[in-house]
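*Asks:* Listed below are the residues making up each chain.
There are 2 protein chains.
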Amino acid sequence: MASSVLTVGEYLIERLYSHGVHHIFGVPGDYVLGFFKQLCDSPIKVINTCDEQGAGFAADAYARVRGLGAVCVTYCVGGLKVANTTAQAYAEKSPVVVISGAPGTNERHKNPLLHHKVREFDTQLKVFEQLTVAATVLDDPQTAFCEIDRVFEAALRYRRPVYIELPRNVARATGSACHLRELPQETSDPATLGEAVKEAVARINASRQPVILAGEELHRFALQPLLAQLIEKTNIPVASTILGKSVFPESHPRYLGVYEGAMGREDVRDYVEASDCLVLLGALMTDMNLGIYTANLDPRRSIYCATEKLTIGYHSYEDVRLQDFAAGLLAGEIERRVDGPTPHPLPLAQFQPVQDRPMTVLRLFQQLNAFLDDETIVVADPGDALFAGADLFIPGKTRFLAPAYYASLGFAVPAALGAQMADARLRPLVLVGDGAFQMSGLELSTIARFGLDPIVVLLNNRGYGTERPMQDGSFNDVLNWNYSRLPELLGTGRGFEVSTEDQLAAALHEARRHRGSFSLIDVHLEPGDLSPALRRMTDSMGQRVRPAAV
Amino acid sequence: MASSVLTVGEYLIERLYSHGVHHIFGVPGDYVLGFFKQLCDSPIKVINTCDEQGAGFAADAYARVRGLGAVCVTYCVGGLKVANTTAQAYAEKSPVVVISGAPGTNERHKNPLLHHKVREFDTQLKVFEQLTVAATVLDDPQTAFCEIDRVFEAALRYRRPVYIELPRNVARATGSACHLRELPQETSDPATLGEAVKEAVARINASRQPVILAGEELHRFALQPLLAQLIEKTNIPVASTILGKSVFPESHPRYLGVYEGAMGREDVRDYVEASDCLVLLGALMTDMNLGIYTANLDPRRSIYCATEKLTIGYHSYEDVRLQDFAAGLLAGEIERRVDGPTPHPLPLAQFQPVQDRPMTVLRLFQQLNAFLDDETIVVADPGDALFAGADLFIPGKTRFLAPAYYASLGFAVPAALGAQMADARLRPLVLVGDGAFQMSGLELSTIARFGLDPIVVLLNNRGYGTERPMQDGSFNDVLNWNYSRLPELLGTGRGFEVSTEDQLAAALHEARRHRGSFSLIDVHLEPGDLSPALRRMTDSMGQRVRPAAV
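In order, the protein sequences belong to chains S and Y. Sequential numbering of the first sequence, starting at 1, is according to UniProt numbering. Sequential numbering of the second sequence, starting at 1, is according to UniProt numbering.
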């Protein structure tokens, strides 16, 4: 095996590359410079971002599109800047390999005060143990290959981030081939699985109006083809959660729309909640997925299967994997349903912009809907970008990226970097508020440097529009930048400032034709103009901001 | 006591304000909106930044100038973004109160998947336990006031950050007056202290050339007046570490300069290392302070006293506080030294800019030296901004702010926000590289919004100049922004682009007169042009980047 003569750094690179990581995002620093050099000498392309936060979000998006992503930073001053992005990857099941350089094992004798050190040498490790499913310090070249294999397996099994700390002297040390220490194979208990599938099939067949609610885990665990087969076979209608949006092709005749309680479209809500057998597959029951607890789902009539739980009505089953249960449903004798009247997403209509008509959130999203095409991937930041975006009609699979549970602002622009690097055929349409843009939007610099060309639609309502209806104050204001002049700062890109529908139409037309650098469209909206979905959400959340005292 | 009828949020605000925290930095979010409202109704001014990172660095700088600072963010998506800035405050002893909103105690029943949650409800607490000296979750109004007092006392005793998590329903709950549970008083053992002072005084008096090396702890623990008295009484020459720079007035006739091993000025190095009795007071022995281990200090001839350690020659003393030892030295019978020839900082000379002469790092800092005045506070980012900045002549006390140990890039611009908020009489002169500026420089937006007017000198050498001599590659490149056009993006401020000495002179002159918004001077430097100090440092560090394999 060739790996017996590899250095630890080279082995790590080989593992990354063979798992499809062809780009790595990060910022160099002296504790990781040697490994950056090794990366540059490898087939993996290094994408250095403006700030580590941008690298972390880009790696998350890359992982969502390709199945694995990686971020590479220096010790503490780099690593702790991606604590938040790693937390998001953990919460939303995105397998990101966090690689941090570190002081050499030969520099740690007598615990000296080396620069970038916080408290003890293992402080950063302890932080990342909270934020990952597996963490290791490669302090011994003899065991390093095994450790790398172990954390990679955890990342792929749980689809969550892992942490690898690489002391700088170990990166160039020769490692030893790993004895294949594999994690015990995960299996379902066959008898339990059989019983669960039997009960589920019986309930589905006995029901009048079964509905499948598809969640993000079907994407993370590569079960989208299985879902498609299940629908082809059974013809059962499908809704998705907001975190799972685009897990199923929205152009499919049996697709209903996004279900998110009172936040979502009323017809979808009514249809899903009227179901007498709701099958939730791979959907995390988060407050966001449940429309901030406005969902009205009856557990007695639900089948809930996710990676960590299976319940059918009031029966809980242990030791059944999502993959096996879904395969069991597909193999089971579920009766085929006949076509019937169901809700559908709004069709892709032509949009007729009205001359001089001021932009509204509602019409903006209708206009954007008509702009989407097969190469579009929509990347949305939390806020109205996400909530109004939920009703966009996404033709392709996995073409809607958003942190719809952890909801960290500042995701979308760097995520567009990650998504387009992950698949050069995609063209990101970035939906981002002005508040979020001010956090990380300057990663357009990195996007420009590497010749990518997302179209950024900036929903400019002059501050934190999601928060104003809950509790307003000057703390929700931000400076109103001349966003469209960003190309003058960066020396590249196209900027547009639009206030009316016809201006937006012209800008979108230009942006589509402008390839090789970003386009930024500053869309002026009235501060009080919220989408209906966001209005319902902030009403519900506002009550929690102003609760009765304990 | 009035606090018996206060809510928990109000009590926290009262404690902050009474400790001099009149400004708080942060970004709102729904779990902390109620507390933001309470802050707005209080005398504390809320400064919302573009990104939480900026708030964290600003609070750190505020704490360094005023003795305590505070940052206020939402749960996880905000809190974890300040993990790195809090780590820096920990490493460099800056007392920052980190306040994070959180889900209400009444929302945590049955462990639901609330937005912004990573893994468990205490995940963020566990992270901050690694990065602070005291951490608390105010989950009970009955004990909240006591807990607030406890963590405040820890922040002030250890001059390090603390963490307060405020579940949103508790912020408005009425608390109970605290029974005064104080930490046991810290005292020195009188007999040990007496013996240690006696030995130290005897060694100092027996020495031919005593030198005091003053470190940052003298600033953090408010011992600068004591140091000044000690020098007035004994006339012993004083050098400072780089982290302690400006702890002693540099215009004082007995001030030598910054000592940092081979990285520093040669005459200072020779004088300090020739001392037969070096008294290190409040100086952390970090690699940076020791010039990346190029310092040549003989422990046999040293007296080392810091908050966590006291050694005299080979004698270690336990239970002696820095404060008491320093006071002991002042009270002891140390003989007064006569004036003699010592190194001095370069005097504040007039600088004659040469027409059309391209800027060099060396001449840039000579020119900046002549520009400093009594209201200047120099705020330097790591890199040549810091290393060349070490030899600037700082007239006032505590007028040089830099993360000279933890060395997190992106500190300087947001730190200028914190410093000028902390003391409106100060005018920050920000020294920042282009790489660091791309991380957090857009906090100039916040600076502009609140009418502050730092002068930002951007050392533009097109990339990570500190790293190129160690290991170069395209990962050290960044896009070359048209930095001077930033005012067009932000709608305010002044921008200058300079390549020659006379252009810089004109820009500095204009910038000095431009009040009420920032000035940004983009100084074009040759990529290979390093200050002598940085050259020596990167030579030393480069050997560690390319070590022999293990």
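FYI, nobody ran anything at the bench for these hints, they're computed from the structure. From a predicted model like this one, the values you see are computed outputs, not experimental measurements. Heads up, a few of these hints could be off.
To be verified - Straight-line C-alpha distance at most 20 Å; calculated SDA-like pairs for lysine to any residue:
1) S:Lys126 with Y:Arg119
2) S:Lys126 with Y:Glu120
3) Y:Lys126 with S:Leu125
4) Y:Lys110 with S:Asn296
5) Y:Lys45 with S:Gly473
6) Y:Lys126 with S:Gly473
7) Y:Lys110 with S:Leu297
To be verified - Derived Cβ-Cβ restraints for the label pairs, each shown as a range:
8) S:Arg513 with Y:His509: 29 to 37 Å
9) S:Thr174 with Y:Arg337: 51 to 59 Å
10) S:Asp502 with Y:Glu510: 38 to 46 Å
11) S:Ala424 with Y:Met285: 30 to 38 Å
12) Y:Glu510 with S:Ala424: 39 to 47 Å
13) S:Pro112 with Y:Asp267: 24 to 32 Å
14) S:Gln543 with Y:His509: 53 to 61 Å
The C-beta atom is built at its ideal place from N, Cα and C for all residues, glycine as well.
*Asks:* Just pull the numbers of the violated hints for me, sorted ascending.
*Replies:* 6, 8 and 11
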